[in-house]
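Visitor: Protein chains in written order, with our numbering: chain A, 1 to 495; chain V, 1001 to 1099.
Derived by calculation from the structure, the hints in this document are not laboratory data. Just so you know, not all the hints are guaranteed correct.
In silico DSBU-like cross-links for lysine-lysine, where the CA-CA straight-line distance does not exceed 35 Å [unchecked claim]: (1) LYS409(A) with LYS442(A); (2) LYS90(A) with LYS1010(V); (3) LYS264(A) with LYS405(A); (4) LYS409(A) with LYS1010(V); (5) LYS264(A) with LYS442(A); (6) LYS405(A) with LYS90(A); (7) LYS409(A) with LYS264(A); (8) LYS90(A) with LYS409(A); (9) LYS1009(V) with LYS90(A); (10) LYS405(A) with LYS442(A); (11) LYS409(A) with LYS1009(V); (12) LYS1009(V) with LYS405(A).
A short list of chain A residues far from chain V (calculated; beta carbon distances all over 12 Å) [said to hold, decoys possible]: (13) GLU34; (14) GLN252; (15) GLU408; (16) GLY446.
Chain V is faced by these chain A residues, among others (derived, beta-carbon under 7 Å) [said to hold, decoys possible]: (17) TYR95; (18) PRO98; (19) ARG327; (20) ASP333; (21) TYR338; (22) THR339; (23) ARG342; (24) SER343; (25) GLN351; (26) ILE354; (27) LEU356; (28) TYR359; (29) LEU371; (30) ALA376; (31) THR378; (32) ARG379.
Ideal placement from N, C-alpha and C gives every residue a C-beta, glycine not left out.
Here's the letter readout for the chains.
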Amino acid sequence: MSASELWRLSARALAERVRGGKVTPAAAVESGWEGPGAAWEADVRAVAHADTAARARGAEAVRSGPLQGVPVLVKDNLCTTDYLTTCASKILAGYQPPYDATVIRRLRAAGAVVTGKGNMDEFAMGSSTEYSCYGPTRNPYDLARVPGGSSGGPAAAVAYGLCPVGLGSDTGGSVRQPAAFCGVFGLKPTYGRLSRYGLVAFGSSLDQVGIFARHAGDVADTYAALAGHDRFDATTRGTPAPDVSRWDAGVQGMTFGWPANLWKEGVDAAVVEALDEAAAALERAGARRVAIEFLPGEFSVATYYLVATAEASSNLARFDGVRYGFRHEDSPDVRALYTRTRSEGFGPEVQRRILLGTYALSAGYYDAYYLTAQRARTRIRREYEAAFARCDFMMLPASPTLAFKLGEKTENPLAMYLSDIFTIGANLAGIPGLTVPMGLAKANGGPALPRAVQLLGPDDAEPRLLAAGRALEARGEVARIGREHETEFAWPTRR
Amino acid sequence: MTITRDEVKKIAELARLEIPEARIERMAGELSAVLDFAGALQRLDLEGCEPSVFAPADAPLREDALDDRRLSQSAALAAAPEAEQGFFLVPPIVENLAP
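For reference, chain V alone in the conformation it holds in the complex (with noise of 0.2 Å):
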């Protein structure tokens, strides 16, 4: 397989995702399915092929100025799972804090 099941724990941490242990091999096997299919793209020839960017050629630049737009902070809070006096509220960051 391309891809092995440590490789897999790996990504999962770094995606911030918890694959259950006895998922972990068919992930890897699913994982390398498509990526073996993707190494068709080794027999395509690229020679002279840059990467491609998908900016439109004439996209403008726009003025760093504020626009019309506003969002109070009670609508930018509506939607939050848990907030506080103005602030959106999440578990301890960092632990131990020295009073």
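In isolation and in its complexed conformation, chain A is listed as follows (with noise of 0.2 Å):
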């Protein structure tokens, strides 16, 4: 293989070859920008912040290990010492961070190269990448619709082929969602699996760190690289992270829960043909299918949308124009400083999301709104610990829809709210799930879009969602089909 082609390798191919010598860091790290991210990202433009010199330094600096040479995207809300760490907000302009966030400390340990920081909705806020300072990403597949979000850029730097490998933060499905949209998979860890040390915080009972990849054992790889208590963030557990080594074990004896009375209505049908497919190819690979009834995903997006929205009011308090970020000029005192800067540079996600968790939390409406909440909370969780009762894992669709266009929900907070529907429940619950790509939906009247299925499990349920993941794409029921975990599939249709 050549050295312009090396960004079609695995992660673990591309480790692998840079470990035995064949391929230098250097060459590893810049196949992906001089190939793919030169014929796609002036349109794509899923990276916020790119340093060749930052880059080169880091491919000088690696070290050796499970991701020797593998670049990696990371999202724009991890703080990193060599590139700006912003948000994708005003408020953060030119914000460099003095550490580095836990995981990307493990990344670097493990031999990875941060490649750049990817684009995102401001502050994780919104299901598009439509909400950035920096305007919107674009969906490779096809550049009128959006890539999902929050972390649309490493969604869709990773489906274009600028690395194999990218890490977002899922709250409320910010991972699973953007995978679902661009065609890759996409991880959220059991909550207290990854460190949140150096994560800006959004909803901190709900945040997760997440990893994109273009194949389940380049997720597993990275989880194992990742996953462990961290003494710098208390919400880490203390006990080891599931063994995620045997992710091509298969799904044998495995019974999936299969809970129909969720796509009922509301769901698109390439939705739910992808759905069908890949149950069909898990139980072809020894899996058992149960029917289950599950909560409409409704009251976790009332839920979530309280519960986010007043820990968000809580954690943004501390953009205020004095250590960091973004100040406004020529305020009469210090707490028109405060409100001027915060008008002026955040946007108006990010301050509508402010307003509803400060009234969710303010006197008078607390308990009918925030502990209602709490309470609602409670009771999914139940619902989830009853499924997991009868199967090993569940499968729905990650989201109701394929890929839509720009501009088509943001006059809409609500609907666009409402697409995350499917995900949500995963962080209220504290539970892993994983977004398996089922290759592309027919065309339908333009490009062929990405469709997908989302797996959910109990708490360190890991393994055996990589598993039953691993087990669909070696089928080649993705489009994507692994040969020796390296292969070629569908790119984006050049233009």
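Hey, can you piece these two chains together into the complex? The hints should help.
Guide: Below is the structure:
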């Protein structure tokens, strides 16, 4: 394979070549920028901050490890000492963190190279990557459509080939939904398994760092490198993280829940088709389908938009123009400084959510909204526990639709929120979820769009979710058929 | 609407945000739509459901001691919009202090 084709390799195959001395880390990192980066980035705009000198330094400093020489685009809300970290917000303009997030430190310790910072919805609030101060990222399969969000930049970059692995964050589906729209794997780990130290906080009881890759094995290798206790994040669990090394072990004898009541209406036919095909493929691979009834997702969305906004209104109080980022000029007193800085520095969706959260927490409404939502959360968690008493994992859509058009939902916040209807429950319950790409839907008067299914499991079910994801990948039910875990698949059509 | 114009102004003040007069009506409508939607929770049977508090059951307590992280004064101030003589600089907080 020539140097210019290295970007086609899986992370696993690329790291193997770098370890064996066949490929330099610099060549491994630059291949994605020179090939697909040159062809796509100007249109897709997946990257918020790039720096060729920082990349070169990163490639020079590569350590030996399982991800040796593997380039990773990380979402712009993860603190990095070698790139700006702005959460795609004007209020953090020019912010250079003095430390690396724990997951970034672990990436580097495993040999990976941070290849840049991925675009996102401002402060991870959005489902389309349209609410970025840098402008929207576009879906590489159809530039008129969104890549999903809020981690749309890393999802799109992994999809078009800039890098084999990306990191995002998932507070209500922000890894799993863009993974579905861009046709890649996207894992939200169990709450408490990946450190959030250095992840700019949005909803602290919901936030998890998540992983994008084009192959299930690459998700597993990255998870193994990142997961585990961190003394700088008190919410990380002290017990050893689950062992995902048997991601290729198959699904023989497993049972999966099939909550078909959830997609009786309001779900695209192409999404239902993907579910039917995936379920049939798992059955052929030796798994058994169990019909279950599940609580409609509307309750999760309602709960989420009270809990997440309440936590956000508190977390985002720290942005006041004093210690970092943007400051409004010429304020007569400190109170005006806070108000003017925040009103000019935060975009409209962030302001909307801060207001909603402030209201939900305010005197007189706390019981009716926030407390009710916290109780509903307990109810939702019990629903999952009951479901997982009957199956090893469940299958459901990652999103009710395929990628939607730019501008389609920006004028209607509630419609945007409802695009997370299948992903939000996992954050409320703290359980892991994996989006598995299922190839392309039939073209419908435009370019063919990716479709996907989502797998959810109980706490620490990452090994079986990855094994099921791999089973779907290996059996050719996704367009990207694994040949020694490194194969080519349906890249977005060349322009 | 669930939220009135005056309530939008009041919570904006609490959150240190200034919503332009021309946008208040629309904001009240958007927030009301979400809150009305959240009203669905009233239909959910919450009998016996205590509020979730999301700390892991095995979250350990740590010693209240210094760890090995250090942030120098210059590094702490490096990202500040304005700093002077080792301090963050802000406009007056209290006015007319007698000399």
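Visitor: If a hint holds in the structure, say so; if it does not, say that too.
Guide: A quick look at each hint next to the structure:
Pair hint LYS409(A) plus LYS442(A) holds up; C-alpha atoms about 23 Å apart against a cutoff of 35 Å. Our distance criterion of 35 Å between C-alpha atoms is met by LYS90(A) and LYS1010(V), whose separation comes to about 25 Å. With a CA separation close to 24 Å, the supplied pair LYS264(A) and LYS405(A) stays within the 35 Å bound. Only pairs whose Cα atoms come within 35 Å are accepted, and LYS409(A) paired with LYS1010(V) is accepted, the gap being roughly 28 Å.
For the hint pairing LYS264(A) with LYS442(A), the CA-to-CA distance comes to about 21 Å; that is within 35 Å, so the pair holds. For the hint linking LYS405(A) to LYS90(A), the alpha-carbon distance of about 25 Å falls within 35 Å, and the restraint holds. Taken as a hint, the LYS409(A) and LYS264(A) pair is honoured in the structure, with Cα atoms around 23 Å apart against an allowance of 35 Å. With a C-alpha separation of about 22 Å, the suggested pairing of LYS90(A) with LYS409(A) holds against the 35 Å cut-off.
Between the alpha carbons of LYS1009(V) and LYS90(A) the distance comes to roughly 23 Å, so the proposed pair stays at or under 35 Å and holds. Restraint check: the Cα-Cα separation between LYS405(A) and LYS442(A) comes to about 17 Å, which is no more than 35 Å; the hinted pair holds. Proximity of LYS409(A) to LYS1009(V) is assessed by CA-CA distance (about 26 Å); at most 35 Å being required, the pair is judged to hold. With a CA separation close to 33 Å, the supplied pair LYS1009(V) and LYS405(A) stays within the 35 Å bound.
The Cβ of GLU34(A) lies farther than 12 Å from every Cβ of chain V, with a closest approach of about 33 Å, so its non-interface assignment holds. Listed as outside the interface, GLN252(A) is consistent with that label: its C-beta sits roughly 32 Å from the nearest C-beta of chain V, beyond the 12 Å cut-off. GLU408(A), annotated as away from the interface, keeps every beta carbon of chain V farther than 12 Å; the closest lies near 17 Å. Every beta carbon of chain V lies more than 12 Å from that of GLY446(A), the smallest distance being close to 30 Å; the non-interface claim holds.
The criterion of a C-beta within 7 Å of any C-beta in chain V is met by TYR95(A), whose closest approach is roughly 6 Å, and the hint holds. For PRO98(A), the suggested interface contact is upheld, since its CB lies about 5 Å from the closest CB of chain V, less than 7 Å. Interface restraint check: ARG327(A) against chain V, minimum CB-CB distance 4 Å, threshold 7 Å, status holds. Hint status for ASP333(A): holds, given a least beta-carbon distance of 5 Å to chain V, under 7 Å.
Interface hint at TYR338(A): satisfied, since its Cβ lies 4 Å from the closest Cβ of chain V, which is below the 7 Å cut-off. Hint status for THR339(A) relative to chain V: holds, with the closest Cβ pair at about 5 Å, below 7 Å. For the restraint placing ARG342(A) at the interface with chain V, the shortest Cβ-Cβ distance is roughly 5 Å, inside the 7 Å limit, so the hint holds. With its C-beta approaching chain V no nearer than about 4 Å, SER343(A) sits inside the 7 Å limit, and its interface hint holds.
At about 6 Å, the closest approach between the beta carbon of GLN351(A) and any beta carbon in chain V falls short of 7 Å, and the interface hint on this residue holds. Because the closest C-beta pair between ILE354(A) and chain V is about 5 Å apart, less than 7 Å, the hint holds. For LEU356(A), the suggested interface contact is upheld, since its CB lies about 6 Å from the closest CB of chain V, less than 7 Å. The interface hint given for TYR359(A) holds, since its Cβ lies 5 Å from the closest Cβ of chain V, which is under the 7 Å cut-off.
The criterion of a C-beta within 7 Å of any C-beta in chain V is met by LEU371(A), whose closest approach is roughly 6 Å, and the hint holds. The beta carbon of ALA376(A) comes within 5 Å of a beta carbon in chain V, closer than 7 Å, and the hint placing it at the interface holds. Hint on THR378(A) holds. Least Cβ distance to chain V is approximately 4 Å, under the 7 Å limit. Hint on ARG379(A) holds. Least Cβ distance to chain V is approximately 5 Å, under the 7 Å limit.
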